[in-house]
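Let the hints inform the model, and build the full structure from the sequences given.
There are 2 protein chains.
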Amino acid sequence: MNKGRLIVFSAPSGCGKGTMLAEITKDKNYRCSISATTRNPRPGDVDGVTYYFLTNEEFEDKMDRGEFLEYAGYCNNYYGTFLTEVDPYLEQGINVILEIEVKGAMKVREKRPEALMIFVVPPSLKELRRRLEKRGTESPETIEKRLEEAENEIPMAIKYDYVIVNDALEDAVDDFFKVMETEKLKAENSHELIGKILDTK
Amino acid sequence: MNKGRLIVFSAPSGCGKGTMLAEITKDKNYRCSISATTRNPRPGDVDGVTYYFLTNEEFEDKMDRGEFLEYAGYCNNYYGTFLTEVDPYLEQGINVILEIEVKGAMKVREKRPEALMIFVVPPSLKELRRRLEKRGTESPETIEKRLEEAENEIPMAIKYDYVIVNDALEDAVDDFFKVMETEKLKAENSHELIGKILDTK
Numbered sequence: 002m003n004k005g006r007l008i009v010f011s012a013p014s015g016c017g018k019g020t021m022l023a024e025i026t027k028d029k030n031y032r033c034s035i036s037a038t039t040r041n042p043r044p045g046d047v048d049g050v051t052y053y054f055l056t057n058e059e060f061e062d063k064m065d066r067g068e069f070l071e072y073a074g075y076c077n078n079y080y081g082t083f084l085t086e087v088d089p090y091l092e093q094g095i096n097v098i099l100e101i102e103v104k105g106a107m108k109v110r111e112k113r114p115e116a117l118m119i120f121v122v123p124p125s126l127k128e129l130r131r132r133l134e135k136r137g138t139e140s141p142e143t144i145e146k147r148l149e150e151a152e153n154e155i156p157m158a159i160k161y162d163y164v165i166v167n168d169a170l171e172d173a174v175d176d177f178f179k180v181m182e183t184e185k186l187k188a189e190n191s192h193e194l195i196g197k198i199l200d201t202k
Numbered sequence: 002m003n004k005g006r007l008i009v010f011s012a013p014s015g016c017g018k019g020t021m022l023a024e025i026t027k028d029k030n031y032r033c034s035i036s037a038t039t040r041n042p043r044p045g046d047v048d049g050v051t052y053y054f055l056t057n058e059e060f061e062d063k064m065d066r067g068e069f070l071e072y073a074g075y076c077n078n079y080y081g082t083f084l085t086e087v088d089p090y091l092e093q094g095i096n097v098i099l100e101i102e103v104k105g106a107m108k109v110r111e112k113r114p115e116a117l118m119i120f121v122v123p124p125s126l127k128e129l130r131r132r133l134e135k136r137g138t139e140s141p142e143t144i145e146k147r148l149e150e151a152e153n154e155i156p157m158a159i160k161y162d163y164v165i166v167n168d169a170l171e172d173a174v175d176d177f178f179k180v181m182e183t184e185k186l187k188a189e190n191s192h193e194l195i196g197k198i199l200d201t202k
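Going down the list, the sequences are from chains B and X. Numbered according to my numbering, the first sequence spans residues 2 to 202. Numbered according to my numbering, the second sequence spans residues 2 to 202.
Simulated from the structure, these hints should not be mistaken for lab results. Honestly, I wouldn't trust all of these hints.
Heads up, simulated DSS-like pairs for lysine-lysine below, C-alpha to C-alpha not over 30 angstroms straight-line [said to hold, decoys possible]:
1) X:K29 - B:K187
2) B:K197 - X:K160
3) X:K187 - B:K185
4) X:K29 - B:K197
5) B:K4 - X:K185
6) X:K127 - B:K185
Computed Cβ-Cβ distance ranges for the label pairs, DEER-style [to be verified]:
7) X:E111 - B:A23: 23 to 33 angstroms
8) B:N57 - X:E189: 51 to 61 angstroms
9) B:G94 - X:K135: 29 to 39 angstroms
In this text the structure is predicted, and so the values were computed from the model without any measurement. By construction, the Cβ of each residue, glycine as well, lies at the ideal position given by its N, Cα and C atoms.
Below, the structure is given as structure tokens:
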């Protein structure tokens, strides 16, 4: 059986990354890893489902024991990905998606250069503003902050492998699966295929 | 308007490359370049359609004047691609396909590193033998020679960008167009896209 592929998925807030991932993981060959964090649970959070909630001491203890593929500090909290959320699934042939921000993504690329790095962008900053305003969950100040963050993050897209524009959800999800399919056609991944063809005289 | 993409298409004889290209070029955004050769025209050949037929002297004269993107000797004849078969079409936004063998392909890669290199393989050597025998145009000796050539050429596929298995024609053509679409999603080609997104606050 082929191993699964490790996929890093980054996007500015409001790009519809969550909706895309909900669509993608309807395919049981894909799984989003569950992150660990020291931030306080919010209403709706379920330990072990939305996040693994840890105390600072627990988190640092697990850091010392090398239990994370990557971790980073963000807004005075730790966020990290347990190795146990990744490798056992890859071994089973399941593609594991890490939904992480740019800094964590670059750490994963270093440790796992074979990871497929995908950055999702909005069709425009104007449209991103419209979406954030429509969502209606954030104050005008927070919306301005999100837009500023997006403006800083979007240029980082060139450090990834692929950039997918999430304009219409269905097209963006289609693009994702097309990327996954053509990745298999890459010559650098074809040693086994070539061996098989030549083996059948 | 975006420039067209230069595409190199190689495949062992009998892989159905011609049929694939006939399908692909039904899309008017794609064009196969017409090669020049010093070999004698065969029944069915039309000068300027199947090939540009040149004398040795004419070919060498054009070589000296730098009129070729690539040329190579093969079975005591020259084969080459005129620059005029490539650049004017790329400028018009048309994707130009060069149907050439491995040696010529590597020369194109050197001169035009942005070229997209595609290698088409049969599902197996056994199936390739079946197809060559079914075609019924070649002697048993020629079939053996073709299979031997295929066996030598197929490992060269790893020097290309993508390897497409031509098992069912329709799937192989689909794979080709998927490659073309995901190439546009590559982060390295996204500078312009990112500029546009950021330009619309």
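Going through the hints against the structure:
Between X:K29 and B:K187 the alpha-carbon distance is near 26 angstroms, which keeps this suggested pair within the 30 angstroms criterion. For the hint linking B:K197 to X:K160, the alpha-carbon distance of about 17 angstroms falls within 30 angstroms, and the restraint holds. Pair hint X:K187 plus B:K185 holds up; C-alpha atoms about 15 angstroms apart against a cutoff of 30 angstroms. Only pairs whose Cα atoms come within 30 angstroms are accepted, and X:K29 paired with B:K197 is rejected, the gap being roughly 35 angstroms.
For the given pair, B:K4 sits about 27 angstroms from X:K185 by alpha-carbon distance, which is consistent with the 30 angstroms threshold. In summary, the hint linking X:K127 to B:K185 is supported, as the alpha carbons are separated by about 23 angstroms, within the 30 angstroms threshold. Restraint check, X:E111 to B:A23: a C-beta distance of roughly 46 angstroms breaks the suggested window 23 to 33 angstroms. Between B:N57 and X:E189 the beta carbons are some 40 angstroms apart, a value that contradicts the proposed interval 51 to 61 angstroms.
At roughly 36 angstroms, the beta-carbon separation of B:G94 and X:K135 lies within the given 29 to 39 angstroms, and the hint holds.
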